[in-house]
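K.L.:
I would like the entire structure built from these sequences, with the hints used as guidance.
Okay, so the sequence shown: first residue is 1140 according to my numbering, each after it adds one.
Read the hints as simulated data drawn from the structure, not as lab findings.
Ideal Cβ placement from N, Cα and C applies to all residues, glycine included.
It is possible that some hints are incorrect.
The calculated BS3-like cross-link candidates involving lysine-lysine, where the alpha carbons are at most 25 Å apart (straight line), are [as the list claims (entries may be wrong)]:
{"id": "1", "residue 1": "Lys1282", "residue 2": "Lys1241"}
{"id": "2", "residue 1": "Lys1282", "residue 2": "Lys1167"}
{"id": "3", "residue 1": "Lys1241", "residue 2": "Lys1167"}
Just the calculated beta-carbon pair ranges, DEER-fashion [claimed, not checked]:
{"id": "4", "residue 1": "Val1300", "residue 2": "Ala1257", "range": "15 to 23 Å"}
{"id": "5", "residue 1": "Cys1267", "residue 2": "Asp1343", "range": "23 to 31 Å"}
{"id": "6", "residue 1": "Arg1298", "residue 2": "Gly1365", "range": "17 to 25 Å"}
{"id": "7", "residue 1": "Ala1216", "residue 2": "Ala1289", "range": "46 to 54 Å"}
{"id": "8", "residue 1": "Ile1271", "residue 2": "Gln1302", "range": "16 to 24 Å"}
{"id": "9", "residue 1": "Asp1205", "residue 2": "Val1300", "range": "52 to 60 Å"}
{"id": "10", "residue 1": "Gln1161", "residue 2": "Leu1319", "range": "36 to 44 Å"}
{"id": "11", "residue 1": "Gly1365", "residue 2": "Ile1233", "range": "18 to 26 Å"}
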Amino acid sequence: MSPPPGYVAYGVPGADGGTFQQIGGVTKALVTLSVVGIVANAINLVVQLTLRGKALDFGDDTITIDQFADELGPYLAVSLLAGLVGIATLVVQIVWTFRIAKNLQVLRREPQAFSPGATIAVNILGGCTLGILPYFMWREVWKGSDPTAATGDPAWKQRPVGQIVHLWFAASLLTVVASLGLGIGTALVRINRSSDESFAEQLDSRFGYVVIAGVLSIITAAIFVGLVRQLAARHMQATREA
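P.N.:
See the structure below:
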């Protein structure tokens, strides 16, 4: 298959003086970390399910808060693991998205609403916008990675967006809403209570939110893995990365 018009090979300066940056290895790392995060969060949810009985016992004054706290070891350990994996995933995701945005500059996808530097801020702060900014970022990089669009094609922004991008946004938004409901309730019960007491209350009176938010976060993460794989394959085809 012949390359598209204006194709820029690796190591050959593009119109902006840059060259394509490979994303294959970073993609594999991002997918691996994301899957590990899904497993950790699933275990975390299961551990919370097993703790509910103890939370109900504490609410009925059958056990003391110290006895409940003694049961939190597995939960704290898994939560720490999930947190560390989440941080590592975010770092790799920043590098991955940054490289894609740089490649779009070499492909002369102009104008870009999300420059390489802007993608860093979106990845870090996107959750504060209910996932709206990341959604628009993924839409842009998806369109810009269209392998059928020639370098410098002015109509690149009119390219269609994959359904998985919309699906990820819908799942992400539902997860944020459920998490906000859980977070608001948790903030209310924390008044004049220790963190262990508020956690027990959360597993007692807001158990439905715990389950819904946990399941939705796992589903959203799984959809994101699919998004990463599809976008990477599309982008690597556009840059002719082996």
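K.L.:
Hint by hint, say whether it matches the structure.
P.N.:
Results for each hint:
| no. | hint | verdict |
| --- | --- | --- |
| 1 | Lys1282 x Lys1241 | 14 Å, holds |
| 2 | Lys1282 x Lys1167 | 22 Å, holds |
| 3 | Lys1241 x Lys1167 | 19 Å, holds |
| 4 | Val1300 x Ala1257: 15 to 23 Å | 19 Å, holds |
| 5 | Cys1267 x Asp1343: 23 to 31 Å | 29 Å, holds |
| 6 | Arg1298 x Gly1365: 17 to 25 Å | 19 Å, holds |
| 7 | Ala1216 x Ala1289: 46 to 54 Å | 52 Å, holds |
| 8 | Ile1271 x Gln1302: 16 to 24 Å | 18 Å, holds |
| 9 | Asp1205 x Val1300: 52 to 60 Å | 53 Å, holds |
| 10 | Gln1161 x Leu1319: 36 to 44 Å | 38 Å, holds |
| 11 | Gly1365 x Ile1233: 18 to 26 Å | 20 Å, holds |
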